[in-house]
Amino acid sequence: MSEQTPVKVLVWDEAPTHAPREVYPQSINGAIAAFLNEDGAGQIVATTANIDDPEQGLSEQAIADADVIIWWGHARHDEVQDELAQRVVQAVHAGTGFIPLHSAHYSKTFRGVLSATGHLKGGWREQDENPDTEEITVCAPKHPIAEGVEDFTLPREEMYGAPFDVPPFKTVVFQSYFPVGGEYFPSFATSVGEGITPDFHSGGGKGENQGEGAGRVFYFRPGHETFPTYFDPSVRRILRNAVLWTARRTG
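Each residue of the sequence shown is one higher than the one before, counting from 122 in the numbering used here.
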């Protein structure tokens, strides 16, 4: 794929009826696809799919056409057919970029891609009245996903608390802090699948990243459905950067 070819992104959600239309009139996937197409004009072409589409929006062709899959799910994880979730897992392990958002940590795709439970061992806290604020610190300012992003605060969000039951990851790009209870939670970048040298475990590596997997993954913590998180300028910048990074256009 040439550098000039736009990254093709499939933005998937579960058609959440509990995401207020006054907040997300085009659903969450529509909001994300719209700003990716606007902010990434010439670099990104985003389309949407959801669980109520034929084949739950996860046809073999749709997945094959995607360079990156963005996934938002919450209340309908169990409705995703195992076979269709496995299509996503296999694609990511083979090199498709994957960006699971917020409560996607309990999705079949997230769990399959990372071979993890995704449990929030530090708990969670949801308050529509007097909600938490989320203070987000840039921990890896030189990482491509953090390009152009400074520390920022989301005035209303749901709290997640670490520890997070996932495998060790490569980079904590952002750290979330919730001042109401003092909890922390990471947004991280990692990779999965076989690398350049599948049996490589340790050593100098000749500077060729033998241990990096074929598929890049970025988990982004914010995104509770009742708050307008995905309209925040810093969040928009992060997800645009994440698309380019998981598609291997940067870093």
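Hints may be right or wrong, so weigh each one.
Quick list of in silico lysine-lysine cross-link-like pairs, DSSO-like style, CA-CA up to 30 Å [claimed, not checked]:
no.	residue 1	residue 2
1	K129	K291
2	K129	K263
3	K291	K242
4	K263	K291
Ranges between beta-carbon positions, derived for each pair [to be verified]:
no.	residue 1	residue 2	range
5	E271	E181	39 to 45 Å
6	F321	A261	31 to 37 Å
7	G244	G163	21 to 27 Å
Keep in mind the hints are simulated off the structure, nothing from the lab. Backbone N, C-alpha and C define an ideal beta-carbon position, used for all residues, glycine too.
Status of each hint after checking the structure:
Between the alpha carbons of K129 and K291 the distance comes to roughly 25 Å, so the proposed pair stays at or under 30 Å and holds. About 25 Å separates the Cα atoms of K129 and K263, which keeps this hinted pair within 30 Å; it holds. Taking the CA atoms of K291 and K242, the gap is near 20 Å; set against the 30 Å cutoff, the hint holds. Between K263 and K291 the CA atoms are separated by roughly 14 Å; this keeps the pair inside 30 Å, and the hint holds.
Roughly 41 Å separates the CB atoms of E271 and E181, a value that falls within the hinted 39 to 45 Å. Separated by about 23 Å at the C-beta atoms, F321 and A261 break the suggested range of 31 to 37 Å. For the pair G244 and G163, the beta carbons lie near 43 Å from each other, so the given range of 21 to 27 Å is not met.
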